[in-house]
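Enquirer: Chain order of the listed sequences is A and B.
Heads up, the first sequence is in our numbering, so the first residue is 835 and it goes up one at a time.
Heads up, the second sequence is in our numbering, so the first residue is 835 and it goes up one at a time.
Treat the hints as calculated values from the structure; they're not laboratory data.
Being a predicted model, the structure only gives us computed values, none of them experimental.
Some clues are possibly wrong.
Pairs of lysine-lysine, DSS-like flavour, derived with a Cα cap of 30 Å [unchecked claim]:
no.	chain 1	residue 1	chain 2	residue 2
1	A	Lys1157	A	Lys919
2	B	Lys919	A	Lys855
3	B	Lys896	B	Lys940
4	A	Lys859	B	Lys1072
5	A	Lys897	A	Lys1072
6	A	Lys980	B	Lys980
7	B	Lys919	B	Lys896
8	B	Lys896	A	Lys859
Facing chain B, a subset of chain A residues (Cβ under 8 Å, in silico) [claimed, not checked]:
no.	residue
9	Ser852
10	Phe943
11	Leu973
12	Ala974
13	Gln983
14	Ile1127
15	Phe1147
By construction, the Cβ of each residue, glycine as well, lies at the ideal position given by its N, Cα and C atoms.
Protein chains: 2
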Amino acid sequence: MPRTAPRRAKLRVHLENSRKKPAEKEYTLARFKAAARRHPALAKQLEVSVGYDGDITDDELKKIDIMLGVPPDRARLKAVAMRLKWLHCTMAGIDSLLPLDWLPEKIIFTNNVGVHGAKAREYVRMAVALLHTRLPHMLANQRAHKWQQIFSPALTGRTALVIGLGDVGGGAARAARDLGLKVIAVTRSGKASSLADRVARPSQLDRLLPKADFVILAAPNTAATRDLIDARRVGLLKTGCGIVNISRAALIDHGSLCARLRDGSLAGAVLDVMHSEPLPATSPYWDVPNLVITPHISCDDADYTTLTLDAWFANLARLLAKKPLRNRIDPARGY
Amino acid sequence: MPRTAPRRAKLRVHLENSRKKPAEKEYTLARFKAAARRHPALAKQLEVSVGYDGDITDDELKKIDIMLGVPPDRARLKAVAMRLKWLHCTMAGIDSLLPLDWLPEKIIFTNNVGVHGAKAREYVRMAVALLHTRLPHMLANQRAHKWQQIFSPALTGRTALVIGLGDVGGGAARAARDLGLKVIAVTRSGKASSLADRVARPSQLDRLLPKADFVILAAPNTAATRDLIDARRVGLLKTGCGIVNISRAALIDHGSLCARLRDGSLAGAVLDVMHSEPLPATSPYWDVPNLVITPHISCDDADYTTLTLDAWFANLARLLAKKPLRNRIDPARGY
């Protein structure tokens, strides 16, 4: 049978992985094929390769049109990846990739915003509820074999201050609403949102922090948010306040936070992020009283790669239709 | 000014306390007066006394019309309290008072159902969320200074089996719904309820237990519920199931439960109730892996006495209006 049209060359897609990441975060050929079966019309236009820790050769890298995952030697992209038109970062937070001076011009750079909100909502519901119930104190009592009743008042009607109102922050705000809390969000613009009872700007933080029963950090880590809750502002937190961080450790001063956890003037903190991850066994943070540490799992579903690949295929459809892609990173803002 | 009507004698109310209970559960004169200010018309008809551990004298007990709290020497009620017409138990669970052979005839006996539901809802949201997130495992890792990422799939759509659907069980069912779970309730009658997707009878438990992602015990402790989840039924729980008990320890076999917590075949258990309370420091339960013990605080608000007294005043209004009281205990059922 004669061909009726010239066959279009397939798009070369490279899945770039890090061996340091857990198996759940690995973009294997098997996982890609499973996603491809859900998007057959798009998938048949692709040719896929998989690599680890930047082991793709220069010869191969030259031919790549789309890359999912950012390789460790980012300078190679500008120097070698001449065909690359779309680079997708499989994380929402790209702060570890800043500054973006390595990014080739005219490349579309996207992140994984949208894949984290639902899980963030679940985590924040847990974290706020356990802080309100004074569970960190009860867990210490359990270790000490001590039965001491601590009763908490109603959670409904308390105030949560949610810093950031993007995908992750939106999940946090929804969680707070699920629990019957009043939500005050803090965003760069201060623009009103249906997710919050009130949206304020960072400049209003000094007045808002002393009113919050819970402070939930959910903003991206940028020059504007780094050390946002510094030692002075940690001092503004009211007695019995609970802290949740599902953003980055850089947003809050850990030294003064731990001092207030040790002296018992806060209900506790639930931190999913640390300055150094994995947190070394020798770190003093492990043993800080009233501190619950979780290993950076707050916003990632066990089916994270599935959710990521489905969102990626949806964006691929937009690329092929020459529509603007979702989750494009603004190099100037850094998110 | 001449009296237009003979002044009615005031009703004598006695507030009976136990020194073993925490200060938050004490019915002091100050707390009663604060409640009285919220119900002035009713309060002016009352004369109030306060006692501890049954220290009221026979002379005084003879004159009491209404008692809030059950004294330790319950036999004295039949023998001495000749005017007593209403006895109110300030707990929801009256299993420690069974059998009710000490109860004088024709006395109205009520319990504190209705005061626990909102708090039970908060607690169950916390407990289910933390079990789903595998927090017991992460807490053990934190103690061992170990960073190990464990990712959980979406919580939405999983199945909670809620045993009991009264005040406390209703709170548990609402909590499960808040988290997006499918709710199967088990009640004596099996009658449909808007709080659950399905209501089953206890006879169906063997088929339901293997399907449950979470089992939440929230039924009263009666002859019918004692050892309801016995060793055989603990064996029916599916791998990764999470257990929450906010009812009484007698409902579930602790030996086989702890065996399954030790071998890691359950996600964990959050138990708010123990056979012996306060749990002695020498108890082996404190150290069972994947077990979170809270000190019987799941259903009690820090403002418990306020909520209790307001509900009690509402019932007093019904008594004075000769309407049937709420929360009357059926001596035959035992709740």
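Enquirer: Each hint should be assessed against the structure and marked as holding or not.
Expert: Going down the list of hints, with the structure as the test:
| no. | hint | in the structure |
| --- | --- | --- |
| 1 | Lys1157/A / Lys919/A | holds, 14 Å |
| 2 | Lys919/B / Lys855/A | violated, 69 Å |
| 3 | Lys896/B / Lys940/B | holds, 16 Å |
| 4 | Lys859/A / Lys1072/B | holds, 27 Å |
| 5 | Lys897/A / Lys1072/A | violated, 57 Å |
| 6 | Lys980/A / Lys980/B | holds, 25 Å |
| 7 | Lys919/B / Lys896/B | holds, 12 Å |
| 8 | Lys896/B / Lys859/A | violated, 73 Å |
| 9 | Ser852 | violated, 13 Å |
| 10 | Phe943 | violated, 26 Å |
| 11 | Leu973 | holds, 6 Å |
| 12 | Ala974 | violated, 11 Å |
| 13 | Gln983 | holds, 5 Å |
| 14 | Ile1127 | holds, 5 Å |
| 15 | Phe1147 | violated, 19 Å |
Checked against the numbered hints given earlier, this structure breaks hints 2, 5, 8, 9, 10, 12, 15; the rest are met.
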